[in-house]
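Protein chains in written order, with this note's numbering: chain A, 2 to 286; chain B, 2 to 286.
Just to be clear, a hint being listed does not mean it is correct.
No distinction is drawn between identical chains; accordingly, a pair holds when it is met within one copy or between any pair of copies.
[Said to hold, decoys possible] The calculated BS3-like cross-link candidates involving lysine-lysine, where the alpha carbons are at most 25 Å apart (straight line), are:
no.: 1; residue 1: K14; residue 2: K263
no.: 2; residue 1: K14; residue 2: K48
no.: 3; residue 1: K3; residue 2: K25
no.: 4; residue 1: K21; residue 2: K48
no.: 5; residue 1: K48; residue 2: K25
no.: 6; residue 1: K21; residue 2: K3
no.: 7; residue 1: K32; residue 2: K14
no.: 8; residue 1: K276; residue 2: K14
no.: 9; residue 1: K83; residue 2: K143
no.: 10; residue 1: K72; residue 2: K263
no.: 11; residue 1: K25; residue 2: K72
no.: 12; residue 1: K3; residue 2: K32
no.: 13; residue 1: K263; residue 2: K3
no.: 14; residue 1: K253; residue 2: K25
None of these hints come from the bench; they were simulated from the model.
Protein chains: 2
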Amino acid sequence: MKVHPDCLPCFFKQTVIALKQGTKDGRLQEKVIKGVLEEIERADLSKSPAHATTFMHRRIRQVLGRDPFKKVKSDYNRIAMKSYPRLSRFAAGSRDPLFTAARLAIAGNIIDFGIFTSIDIDATVERALQGAIACDDYADFKRAVRGARGDILYLADNAGEIVFDRILIESLGNMGRKVIVAVKGGPVLNDATLEDAASAGITEICRVVDNGSDCVGTILPMTSAGFRKVYRDAGLVISKGQGNFETLLEEKKHIFFLFQSKCEVVSRELGLPLKSMLLKRAENW
Amino acid sequence: MKVHPDCLPCFFKQTVIALKQGTKDGRLQEKVIKGVLEEIERADLSKSPAHATTFMHRRIRQVLGRDPFKKVKSDYNRIAMKSYPRLSRFAAGSRDPLFTAARLAIAGNIIDFGIFTSIDIDATVERALQGAIACDDYADFKRAVRGARGDILYLADNAGEIVFDRILIESLGNMGRKVIVAVKGGPVLNDATLEDAASAGITEICRVVDNGSDCVGTILPMTSAGFRKVYRDAGLVISKGQGNFETLLEEKKHIFFLFQSKCEVVSRELGLPLKSMLLKRAENW
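Pulled out of the complex, with its shape left as it was, chain A reads as follows:
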């Protein structure tokens, strides 16, 4: 999936969001903007949008001298943890806990800048549980979970959202599956790192690895050799979020993508409305 002209305004929206979190200093803001322009100019637009924005966010952090999303990520985790006990009980007590937990994990993918309040969570959870999933390969998913040869690699996406992931990870554990959770090797956007996995209590329930990279999504050549071994050995991959979908959709691997389509470009590519919820089997299975 390559960069579409429509991605450009969005790259700069992301920059504006980072600046709002990052600094009020007008001169520093201008320096960030010039750096972003340089990075996008230099980027290979025939690669995925995630590829271009990886370099963009790296430059933003470098010019700011810090991770602008640190505070917001910790806020996300805190707010989501409030919902955890209730949602966890709800999933465990449901007729098909895997089904409910998978839907909650997709619902959790709504967690993003400016659209994360308790009200949003409740509304999205409601929507996800009503079955409004635009692409629903759940039957396949359940079969694949049961039949996977080897561990299940769970590619986490955002902080906050990772609390919802925990419910699905626990549900997989209750089915006797061994799960390895992968997080980012360094800060990028509001993506979960080891610290966030620990905040959500995930380090206590399963093995957590970092992917050795600060890339948006999972750009395999940028990840560590250690992570790539875990990926290769995994019997099944559960991939969260649009970034991971963008970067892994052409992989020849047993992957299920659980996410919400958050932009026009990806939604068009999928032939689905914006903000669709998906539980989608990889095509090059």
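Please arrange chain B on chain A, whose structure you already have, making use of the hints.
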């Protein structure tokens, strides 16, 4: 008014609009995008957004090898001309033709990409006439029109919109005022040029000059000496559109700005909601 970080996504939205009108060739689109990135990187962000986008649109036309808005402008003129007889009669027959015509001219400033159909015109005209003007210096405006020492210089904005301007220009003529209309010296965005003034029949009712420039708004140092003389000699300036407001708001000159605030940055600066309608006296009068 300087470039705000929030302007950046908008610059690229404008680029996307130009590309949609301009070419379906992916490689040419990429060349345009790289050119735009270069221009914005090079731009002086302490100047107005109109300044940066002047160079941006120049580069877009240069890489495309043509004016991407040529067709859309002629469509705008054609659609607006259909409403002209009805609206013109309506203004002439109203209790205060200048009042009605000024409001119609502000209503016409809605004409922009993707929001220009007959339905939009009717709805906006309705809104403008209901008196929903956020900043209304009409009493001052009427006094200034009556008392202006010298010609009235009318700075046109968009194609299509210029048909609405004609109604106000005729109304000024009926009050015995001499009006000179200024259009752009070359294509830029959907801004009116001599060709559009002719399409709207304005060249037949008054003197029309071009400003010798393809700038967004009116960047005086970029305009021709001939235009600047007309500007200096004018007793009163009627300035249409946000671009002209951005570039002339600090001028020490008798100017009234008639426009709709089309972006968050300008609306915030004005302390008004987005899409506000304004008939605003210049502050450095």
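Okay, the hints, checked on the actual structure:
1. K14 / K263: Intra 13 Å, inter 18 Å, cutoff 25 Å: intra and inter.
2. K14 / K48: both (20 Å within a copy, 21 Å between copies)
3. K3 / K25: Close across copies (15 Å), not inside one copy (33 Å); limit 25 Å.
4. K21 / K48: Between. Shortest inter-copy distance 21 Å satisfies the 25 Å Cα cut-off; intra-copy 28 Å does not.
5. K48 / K25: between (33 Å within a copy, 19 Å between copies)
6. K21 / K3: between (28 Å within a copy, 17 Å between copies)
7. K32 / K14: For K32 and K14, both the intra-copy (16 Å) and inter-copy (22 Å) Cα distances are at most 25 Å.
8. K276 / K14: both (18 Å within a copy, 20 Å between copies)
9. K83 / K143: neither (28 Å within a copy, 61 Å between copies)
10. K72 / K263: within (23 Å within a copy, 33 Å between copies)
11. K25 / K72: Within one copy only: 16 Å inside, 42 Å across.
12. K3 / K32: This pair counts as between: shortest inter-copy Cα distance 15 Å, intra-copy 27 Å.
13. K263 / K3: Classified as within: same-chain Cα gap 16 Å, cross-chain 31 Å, threshold 25 Å.
14. K253 / K25: For K253 and K25, neither the intra-copy (45 Å) nor the inter-copy (31 Å) Cα distance is at most 25 Å.
Checked against the numbered hints given earlier, this structure breaks hints 9 and 14; the rest are met.
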